[in-house]
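Following the hints, position chain L against chain S.
Protein chains: 2
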Amino acid sequence: MGDHPLLDRLSLNQITTEKWNLREAVEGCVRAEVPWISIWRHKIEEIGLAQSKKIIQDSGLKVSSLCRGGMFPAPTAKEREERLDDNRRAIEEAAELGTNTLVLVCGSAPDRDIDTARKWVVEGIEKLIPFAESHGVKLGIEPLHPMYAGDRSVVNTLGQANTMAEAVGKSQVGVVVDVFHVWWDPDLYKEIERANGNILGFHVSDWIVPVPDIFKGRGMMGDGLIEIRRIRNAVEKAGYHGPIEVEIINQAIWDRPGDDVLQEMKERYLEHV
Amino acid sequence: MGDHPLLDRLSLNQITTEKWNLREAVEGCVRAEVPWISIWRHKIEEIGLAQSKKIIQDSGLKVSSLCRGGMFPAPTAKEREERLDDNRRAIEEAAELGTNTLVLVCGSAPDRDIDTARKWVVEGIEKLIPFAESHGVKLGIEPLHPMYAGDRSVVNTLGQANTMAEAVGKSQVGVVVDVFHVWWDPDLYKEIERANGNILGFHVSDWIVPVPDIFKGRGMMGDGLIEIRRIRNAVEKAGYHGPIEVEIINQAIWDRPGDDVLQEMKERYLEHV
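Chains S and L, in that order, are what the protein sequence lines are. Residue 1 is where the first sequence starts when you use our numbering, and the numbers rise one by one after that. Residue 1 is where the second sequence starts when you use our numbering, and the numbers rise one by one after that.
Chain S with its partners taken away, still in its complex shape:
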């Protein structure tokens, strides 16, 4: 399969093999000839940044993104400032690991006031820009499915993410398109077009019916309803030709041997993405 050009863009988002630590995930990618990996911060924490960096560098893998910054809304100004500090650490980690993309999961409202939470998201991103710029890291606003509006992100459509990115200035801030979060949106293709030149990442998985779990319910590409290839074509037409991350949060997939998951992921990727 190694001769298919699309495979040059395949990235394992590390959450897909949640049971693997960073070293295992890196070695798994090398065995499966997956050239990219997206790293989660809780996996870095287990062994430290220096060790993480060494493992990745020695492997020759490229890092497509760091997951994740964000979580801007908090009840007090002091807490919101602490969240920004944590984001600055994430930016440093991204730079250290050699990726120019920090994925932002923007956070939820600490109370019922979703409008204010959305303002805090924009404020938070604005405040990070100089630091991100000086580290050569771009901030990718990832709209999350509306079913996560209550606990993970108040940014729930690509249109909203585009508006935010435009509001803070396009050069350092873009959007991340994850098919699982946006596939249902009647404005999807219009908003992908609007994001032209400003897409920082593309994530794939599938929407299976019935959804087995609200958090750990994503499917392998091909097992669900999402028109993945159509969305990829739209994203490419909008200028994105970077790595494509397979990001599947699913207990049943986590419970399988990682090597099997990577093998299936490659096959499904070629068939459906």
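Some hints could be false.
To be verified - Restricting the straight-line Cα-Cα distance to at most 27 Å, the calculated cross-link-like pairs of lysine-lysine (DSSO-like) are:
1. S/K216 / S/K54
2. S/K216 / S/K266
3. L/K119 / S/K237
4. L/K266 / L/K43
5. L/K190 / S/K119
6. S/K237 / S/K266
7. S/K216 / L/K119
8. L/K62 / L/K43
9. L/K266 / L/K237
10. S/K190 / L/K62
11. S/K78 / S/K119
12. L/K19 / S/K119
13. L/K62 / L/K19
14. S/K266 / S/K53
15. S/K190 / S/K119
16. S/K62 / S/K266
17. L/K119 / S/K190
18. S/K43 / S/K216
Bear in mind the hints are in silico, worked out from the structure with no lab data behind them.
Then chain L, alone, in the frame of chain S:
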């Protein structure tokens, strides 16, 4: 509590007390002095339309709506025609029960082609209009939360429902605003304004965190994050002053005695709606 004018608009959507049959639900409303009820068709089927009508008429309750028509998309033209026949029966039932509102849960795509499914929804509604008109029944497009796009409805935002209602002509077709489905929407208040004069129903419940179940996960008003009163004010500003249905699909609430649920529902309604 009977002296509060808002109580004149309170309606029990029958799914909130799913364990009760139609007679039990009607008697429960009478005991709790809830003046309106919304009827589900599977409850009518258990005892027949004539008997259902008699029970409701004898009780003096008013029927706020019939749940539900819709489910328009199907793989073949023949199946789609059968769905329309079923919708015509639903319109007849609504008229017979004395409500002028049939709530439409529009249905999902039979395959990956969500755009075509959305076209079939509009086509189906258009074809029903003359029949609905002759029976004095209006069709209320209820946008469902995007997490139901795969299995219940491809109409997932109020904006989309507004566009559909406008496309088929406003006189016989309107929208139904259910806070559970729309609360997260960054365009919510703009779209409520756009629906001015065309809102056929208003449903309340709450969004609890964590969501206990993707289908049976709605909360009692006040237990979650939704700015229910703010949405009610917006809906009223847009000209809707009809019944307010409490529609809670939640196993834990179903497992409680219906009379207790109705009592709590009244209290929470006055406090939070």
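To see whether the hints hold, each was checked on the structure:
1. S/K216 / S/K54: Not satisfied, since the Cα-Cα distance of roughly 30 Å exceeds 27 Å.
2. S/K216 / S/K266: 21 Å, holds
3. L/K119 / S/K237: 25 Å, holds
4. L/K266 / L/K43: 23 Å, holds
5. L/K190 / S/K119: Answer holds: L/K190 to S/K119 is near 17 Å, not above 27 Å.
6. S/K237 / S/K266: Measuring from Cα to Cα gives roughly 23 Å; hence the hint holds.
7. S/K216 / L/K119: Roughly 31 Å between the alpha carbons, so the hint for S/K216 and L/K119 is violated.
8. L/K62 / L/K43: 17 Å, holds
9. L/K266 / L/K237: 23 Å, holds
10. S/K190 / L/K62: 44 Å, violated
11. S/K78 / S/K119: Holds: S/K78 and S/K119 sit about 16 Å apart, inside 27 Å.
12. L/K19 / S/K119: 43 Å, violated
13. L/K62 / L/K19: At roughly 21 Å apart (the allowed maximum being 27 Å), L/K19 and L/K62 satisfy the hint.
14. S/K266 / S/K53: 25 Å, holds
15. S/K190 / S/K119: Since the Cα atoms of S/K190 and S/K119 sit roughly 24 Å apart, the hinted pair holds (cutoff 27 Å).
16. S/K62 / S/K266: 17 Å, holds
17. L/K119 / S/K190: Satisfied, since the Cα-Cα distance of roughly 17 Å is no more than 27 Å.
18. S/K43 / S/K216: 18 Å, holds
Figure legend: structure checked against the earlier numbered hints; hints not met, in rising order: 1, 7, 10 and 12.
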